[in-house]
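J.: What follows is each chain in one-letter form.
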Amino acid sequence: MQIKISENNGISVCKVDGEIDINTAVEVKKIFDNLIKEKKEKIVINMEKVDYVDSSGLATLVELLKNFRKYGARLKLVSLSNKVKSLFEITKLEKLFDILDKEEEALNTF
Amino acid sequence: MAQQDIKESISITSDIKEIRKVSSRIVGLLMERMVDKALIFDIRLAVEEAIINAIEHGNKRNKRLKVKVSFGIDNERMEITVEDSGSGFDHKGIPDPTEDKNVLRSHGRGIYLIHRLMDRIEYNDKGNRIKLTKYIKKQ
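Listed in order, the protein sequences are those of chains L and S.
Just so you know, my numbering puts 56 at position 56 of the first sequence, and the rest follows in order with no gaps.
Here my numbering runs 1000 ahead of the position in the second sequence, where the first position is 1.
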């Protein structure tokens, strides 16, 4: 699992490549904790290359969302595969997260 | 032509890193039968979640205790049984993670996902064994 982070007009764009599950959850949290320490306020997580998420992965994303919200940061998830998106629907997490089809849409709607 | 029915069993230690040994074999069997990728995703997730529960809640991460996974596949269905060495736990006592008061909680989605993704779930009375059934279809 790899995460590449770039800045685009004050927006942190994080491209995740790999699985977000019980094996990678700690690493994912550690990487995003750096953005929280830097008090980044606009974050996009591009999940185009994430083909598997389990309940630990969902829990990690919920923790991130809560931590970003604590200081008023906004998080958007983009390019989820149909299966990964269906997990957000089944668990009703789609109501909590701002989920968009394309990265461009996220960049244009902050 | 109908493919041969397969029944296998794998025992692993209570180590999260061992889970992939089982799920890779199961995913391999499903791929050989050209099962729909969406169904393979569901089965892999349910199996891995069941094993995680067995390791964490059943065996309390005690690496001396084993988790036994037995599975069988035929042209209609895949059945997987996950059994830990613990004293069993009450699966009915788990709060619904989709209720408004729980949706922001970090844990509690594993069992819920298993129930949503599988066609049939059976527990033994002790609560240390879960049997998952998923009906499969060819692409």
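Everything labelled a hint here was simulated from the structure, so no lab data went into it.
Treat each hint with caution, since some may be false.
[As the list claims (entries may be wrong)] The following residues of chain S were derived to be distant from chain L, with all beta-carbon distances above 12 Å:
hint: 1; residue: Ser1011
hint: 2; residue: Arg1033
hint: 3; residue: Glu1048
hint: 4; residue: Ile1055
hint: 5; residue: Asn1059
hint: 6; residue: Lys1068
hint: 7; residue: Ser1070
hint: 8; residue: Gly1072
hint: 9; residue: Ser1085
hint: 10; residue: Pro1097
hint: 11; residue: His1115
hint: 12; residue: Asn1128
[To be verified] Subject to a maximum C-alpha distance of 25 Å in a straight line, what follows is the list of computed SDA-like cross-link-like pairs (lysine to any residue):
hint: 13; chain 1: L; residue 1: Lys29; chain 2: S; residue 2: Glu1018
hint: 14; chain 1: S; residue 1: Lys1060; chain 2: S; residue 2: Lys1137
hint: 15; chain 1: L; residue 1: Lys70; chain 2: S; residue 2: Glu1018
Yeah, the Cβ is synthetic: ideal placement off N, Cα and C, and Gly gets one too.
J.: Let me make sure I understand: some of the numbered hints might not hold for this structure. Which ones are they, in numerical order?
T.: When the structure is compared with the hints, numbers 3, 4, 10, 11, 14, 15 turn out to be violated.
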